[in-house]
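Here is what each chain is made of, one letter per residue.
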Amino acid sequence: MQKPFDNRAWLLVLPVFALVAFNAIIPLMTVVNYSVQDVFDPTHRSFVGADWYREMLHSTRLQNALSRQFLFSALVLLIELPLGVAIALVMPRKGGFATSATMVLVALPLLIPWNVIGTIWVILLRPDIGIVGHFIDHTLGIHFDYPTVPSQAWGSVLAMEVWHWTPLVALLAYAGLRAIPDAYYQAARIDGASAWAVFRHIELPKMRGVLTIAILLRFMDSFLIYTEPFVLTGGGPGDSTTFLSIYLVKIAVGEFDVGRAGAFSIIYFLIILALSYVFYQALQRVGTGASR
Amino acid sequence: MKARARVAVLVLYLGLLLLPIYWMLNMSLRDNNDIMSQLTLVPVHPTLKNYAEILTDKSWYMGYVNSFAYVSMNTVITLVVALPAAYAFSRYRFLGDKHLFFWLLTNRMAPAAVFLLPVFQLYSALGLIDHYIAVALAHTLFNVPLAVWILEGFMSGVPREIDETARIDGYSLPRFFLTVFIPLIRAGVGVTAFFCFMFSWVELLFARTLTITEAKPIAAVMTRTVSASGLDWGLLAAAGILTIVPGGLVIYFVRNYIAKGFALGRV
Numbered sequence: 000m001q002k003p004f005d006n007r008a009w010l011l012v013l014p015v016f017a018l019v020a021f022n023a024i025i026p027l028m029t030v031v032n033y034s035v036q037d038v039f040d041p042t043h044r045s046f047v048g049a050d051w052y053r054e055m056l057h058s059t060r061l062q063n064a065l066s067r068q069f070l071f072s073a074l075v076l077l078i079e080l081p082l083g084v085a086i087a088l089v090m091p092r093k094g095g096f097a098t099s100a101t102m103v104l105v106a107l108p109l110l111i112p113w114n115v116i117g118t119i120w121v122i123l124l125r126p127d128i129g130i131v132g133h134f135i136d137h138t139l140g141i142h143f144d145y146p147t148v149p150s151q152a153w154g155s156v157l158a159m160e161v162w163h164w165t166p167l168v169a170l171l172a173y174a175g176l177r178a179i180p181d182a183y184y185q186a187a188r189i190d191g192a193s194a195w196a197v198f199r200h201i202e203l204p205k206m207r208g209v210l211t212i213a214i215l216l217r218f219m220d221s222f223l224i225y226t227e228p229f230v231l232t233g234g235g236p237g238d239s240t241t242f243l244s245i246y247l248v249k250i251a252v253g254e255f256d257v258g259r260a261g262a263f264s265i266i267y268f269l270i271i272l273a274l275s276y277v278f279y280q281a282l283q284r285v286g287t288g289a290s291r
Numbered sequence: 000m001k002a003r004a005r006v007a008v009l010v011l012y013l014g015l016l017l018l019p020i021y022w023m024l025n026m027s028l029r030d031n032n033d034i035m036s037q038l039t040l041v042p043v044h045p046t047l048k049n050y051a052e053i054l055t056d057k058s059w060y061m062g063y064v065n066s067f068a069y070v071s072m073n074t075v076i077t078l079v080v081a082l083p084a085a086y087a088f089s090r091y092r093f094l095g096d097k098h099l100f101f102w103l104l105t106n107r108m109a110p111a112a113v114f115l116l117p118v119f120q121l122y123s124a125l126g127l128i129d130h131y132i133a134v135a136l137a138h139t140l141f142n143v144p145l146a147v148w149i150l151e152g153f154m155s156g157v158p159r160e161i162d163e164t165a166r167i168d169g170y171s172l173p174r175f176f177l178t179v180f181i182p183l184i185r186a187g188v189g190v191t192a193f194f195c196f197m198f199s200w201v202e203l204l205f206a207r208t209l210t211i212t213e214a215k216p217i218a219a220v221m222t223r224t225v226s227a228s229g230l231d232w233g234l235l236a237a238a239g240i241l242t243i244v245p246g247g248l249v250i251y252f253v254r255n256y257i258a259k260g261f262a263l264g265r266v
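Top to bottom, those sequences are chains A and B. Going by numbering that gives the first Met the number 0, the letters in the first sequence line up with residues 0 to 291, in that order. Going by numbering that gives the first Met the number 0, the letters in the second sequence line up with residues 0 to 266, in that order.
One or more of the hints may lead you astray.
Straight-line C-alpha distance at most 27 Å; calculated BS3-like pairs for lysine-lysine [what the hints assert, rightly or not]:
{"#": "1", "chain 1": "B", "residue 1": "Lys57", "chain 2": "A", "residue 2": "Lys205"}
{"#": "2", "chain 1": "A", "residue 1": "Lys205", "chain 2": "A", "residue 2": "Lys93"}
{"#": "3", "chain 1": "B", "residue 1": "Lys97", "chain 2": "A", "residue 2": "Lys2"}
{"#": "4", "chain 1": "B", "residue 1": "Lys1", "chain 2": "A", "residue 2": "Lys93"}
Hints are computed from structural coordinates only; laboratory data are not their basis.
Make the full structure from the sequences, and use the hints.
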């Protein structure tokens, strides 16, 4: 059944529109304003056109941060999706205490403030006071000092990210699994289907919708990551864990270079916009086709 | 045997999941000199003095009050504006509806780092810096789009015949909405409130930028454990544990809806 067309529905949407416009459009215009000017002080500024954009697009630091960001987001998806699905498959599906307890424990990392996530991992990974850092450094005998060794800093940020966000994927996949009627499993049992066949032909197709949401949310949020790696490594050593948001804040707040930061912001935002559009289209299709 | 293997994998995962949190709990129950002198799996000289210090010092515990104040304001504002909007998206087509929905979603995906400086200037110009309402309003940037998205999913699960029956029975739209429709999707409203709490509670970049002292969130107060004598790890860990407790309680209340909620009402 087609939804009725009625422009008075705008009245219901107006408060949301006004509120988000206030928070998004005014600041965005300020950023655009910065990105085309060279600001010396509040009274001295000159129009520089697209100079900052040209400079930022040719900046190797920006290009490095961008490829680092894509690599990070790709690894996050490659690790968290299979792991999350695997965890969802072993979570208890009948109600009762075990199920409730599992839900609360799995969801717990999602409710921890992001800088506390960073703090938890600092405490865990320091070779002097952290159990994991101590274990790698003393028991395994591998020199472990994540703030100074780039590969270890990378591994630490990735491990933290996987620890923090795999629960989201697991809960989404679990929601999809719970929606599968028992009759499907009974039919599979009568047909003598193997566990793999059940997963491949019943469970995986039924999880398509929720997994698309998981990919969308995980890709976007890992693309915007700031607080957790900032607390853990501060973007270092050198630039080795400087992802896009960390680099942007370095320019905007650290160096107070609002022209370059403005141009960078707009480029960053356009990338996000393009990617969001692709994912949104995918999601719309799933929204109409998932139940088939 | 197969069931036993599943339980073993689950227990292993939960163990790995809880290890970092347990380690912080361990630290929080120890004195800083004790922490620096030896590594022990359980606190040998357990002490509650870190917690006592936080719960008796006003500059510490006011951080929790501040966080709760702006998180609850944000949740109320978000629900009030998002409920009618989600209804409009779920029940009507109107000029530019698809574009508007996409534009809302882009704000959920906008990097906070991009908006940091201009949002600070905007709220400075309005004289709202260091007031709860500034953080509550700033957090609507990502919470309102998410709330509309989740609520629209739950509302679309309610058959449209109910709306039409109510109209024939003589209900006005506001009366139908408040007395019939919202009770029907109360699980969705609860889940949405949970998500607003969650994302407002964990966010720090805006919350720290828009506050100075009076409305400073607990997560930002934590950074002051850095002093001339170095970090007080025990105190830092205790403050961290106390930021996890409210989240754990809130999850407990929504545990039966959490799976559906994370699927944004679209299962």
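Okay, the hints, checked on the actual structure:
| no. | hint | in the structure |
| --- | --- | --- |
| 1 | B:Lys57 to A:Lys205 | 52 Å, violated |
| 2 | A:Lys205 to A:Lys93 | 18 Å, holds |
| 3 | B:Lys97 to A:Lys2 | 13 Å, holds |
| 4 | B:Lys1 to A:Lys93 | 16 Å, holds |
Violated hint for the displayed structure: number 1, the only one.
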